[in-house]
Amino acid sequence: MKHSCAPLLLLAAVGCADNAILEMELVLPEASGDVRYAYVQTRSGEVDFEDAWSGSGEVDGLELGQDVIVSIEADDSEEIGEPLAIKLRYCTTERCTAPADEPAQEVRVAIERAFYRGAFTRIRLADLPPVTACAETCEVQRRDIERCAVRGCRAGDTTRYCDSEDRHFCEQ
Amino acid sequence: MRGTAVRKGLLATVLAAGVCAAWAGPSEAQWPGPRGEPTEAELGEARELYRQGTEAVESHRPSEALAAFERSYALSGASVALYSLAYTLQVVGRYREARDTFDQLLREHRDLEPSIASEARRLRAEVAGRVARLSLAGLPEEGEPTVLLDGERVPDPGERPLSVESDPGLRVLRVDASGFEPFTWRGELAAGDRLTLDVIMNPLGGSITDSALFWLAIGAAVLTTGVITGVILYDNAQLAPRSAHHITL
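Each protein sequence line maps, in turn, to chains A and B.
If you count the first sequence from 1, you need to add 1169 to reach the working numbering.
Position 167 of the second sequence, counting from 1, maps to 153 under the working numbering, and the rest follow consecutively.
Errors might be hidden in some of the hints.
Stated by the list, open to error - Facing chain A, according to a computed beta carbon distance under 7 angstroms, are these residues of chain B, among others:
no.: 1; residue: 28
no.: 2; residue: 30
no.: 3; residue: 170
no.: 4; residue: 176
no.: 5; residue: 187
no.: 6; residue: 190
no.: 7; residue: 229
no.: 8; residue: 232
no.: 9; residue: 234
What the hints assert, rightly or not - Just some of the chain B residues that point at chain A, by a computed CB distance under 10 angstroms:
no.: 10; residue: 23
no.: 11; residue: 46
no.: 12; residue: 134
no.: 13; residue: 135
no.: 14; residue: 137
no.: 15; residue: 140
no.: 16; residue: 228
no.: 17; residue: 230
These are computed hints drawn from the structure, not numbers from a lab.
Nothing here was measured: the structure is a model prediction, and the numbers come from that model.
Beta carbons are placed, not taken as given, at the ideal position from N, Cα and C, and that holds for glycine.
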């Protein structure tokens, strides 16, 4: 059912905003040695994790050993509805610019669909690997999150955020 | 690695004494130990395997480490090998197995040094907290339902709701019952998650909408979301980030 901004009874908790925000909770592991930061980069659409991402869509300086929430905003109609890719690297510097940060231990997260117009959605990454020392090759892990596992548009907690017809609650 | 000093101390003790701290005979244990008193040759091989396992851990090859520690324990029954097995399982996120291995260690090796036993209990509590649990409500009483988690059958002792343990990660759960269409759930489980899953199974040849309970549930959902929607509808501002760390794509 399409949502409307008219004051009518609707079947989904969506507002009239044009943007969308994914709140990503990161349970960051403890720092180890000189590795003290998590550097987060995001890209929408089909992207290659092997490429070196640069430009916008980044937040730096997340200190390891804390729980932190990163708000990822999509304000372009093309970005909403696209898959979202996230790179998280453990580094000695806030933006992984030191020689010691190449290569760096990395976690890659691929979200089938993260955004719905006018809605807050949420994911929680609580099983991030601990920081391990690496020299020439560093561990790269991947997480795939299907769209029905992305929380949103439903009060309280439930096991799955799609209905019996496999539509996300934020699409109703 | 945390606990490395403790483990190296144990290894030194084993190597110097040339004997097992205690050997575990055949039992229902997850990891079997030697069937009898290990020979010197077996102990020698066990020490070498332990050394290889330690090297594999330090070189970020946990799968090799696990195989080496398992084989070392099977030959020697040395508690240090079982401790290292439990620790490595925890590192690679196999929390259920790690918890059960710590349980085996504490149950079958009661002569552990107090500091090591204390560390094992602490780690056991930590990994136990990371095991996720699905509570399956609404399993059909008829049709002898079978539950598969990632393709492996889940034991069903008959309790309801049925509790299913899982390590964190993306999981697929399937319920089959005679006379019903299969029920499938896919979701990401975080460490320590406690989720209740309502298993709704359609009778073969029928539809869930034939069920009065279905419409009652939908009615309740409409009522709930209608109340929530009424509050949000009158907020015409763009969504604003709610955390200090903000990324705009």
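Each hint tested on the structure:
With a least beta-carbon distance of about 32 angstroms to chain A, the hint placing residue 28/B at the interface is violated under the 7 angstroms criterion. At about 31 angstroms, the closest approach between the beta carbon of residue 30/B and any beta carbon in chain A exceeds 7 angstroms, and the interface hint on this residue is violated. Checking residue 170/B against chain A by beta carbon gives a least distance of about 10 angstroms; that is not within 7 angstroms, so the hint is violated. The interface hint given for residue 176/B holds, since its Cβ lies 4 angstroms from the closest Cβ of chain A, which is under the 7 angstroms cut-off.
Residue-level restraint check for residue 187/B is violated (minimum Cβ-Cβ distance to chain A is 11 angstroms; threshold 7 angstroms). At its closest, the beta carbon of residue 190/B sits 16 angstroms from a beta carbon of chain A; the interface hint therefore is violated under the 7 angstroms criterion. The beta carbon of residue 229/B is positioned within 7 angstroms of a beta carbon in chain A (closest approach about 4 angstroms), and the interface hint is therefore held. For residue 232/B, the shortest C-beta to C-beta distance to chain A is roughly 5 angstroms, which falls under 7 angstroms, so the interface hint holds.
For residue 234/B, the interface hint holds, since its Cβ comes within 7 angstroms of a Cβ in chain A; the closest pair sits about 5 angstroms apart. With a least beta-carbon distance of about 38 angstroms to chain A, the hint placing residue 23/B at the interface is violated under the 10 angstroms criterion. Taking 10 angstroms as the C-beta contact cut-off toward chain A, the hint placing residue 46/B at the interface holds, the least distance being around 6 angstroms. The interface hint given for residue 134/B is violated, since its Cβ lies 17 angstroms from the closest Cβ of chain A, which is over the 10 angstroms cut-off.
The closest approach between the C-beta of residue 135/B and any C-beta of chain A is roughly 14 angstroms, which is over the 10 angstroms cut-off, so the hint fails. At its closest, the beta carbon of residue 137/B sits 17 angstroms from a beta carbon of chain A; the interface hint therefore is violated under the 10 angstroms criterion. Residue-level restraint check for residue 140/B is violated (minimum Cβ-Cβ distance to chain A is 16 angstroms; threshold 10 angstroms). Interface hint at residue 228/B: satisfied, since its Cβ lies 6 angstroms from the closest Cβ of chain A, which is below the 10 angstroms cut-off.
For residue 230/B, the suggested interface contact is upheld, since its CB lies about 8 angstroms from the closest CB of chain A, less than 10 angstroms.
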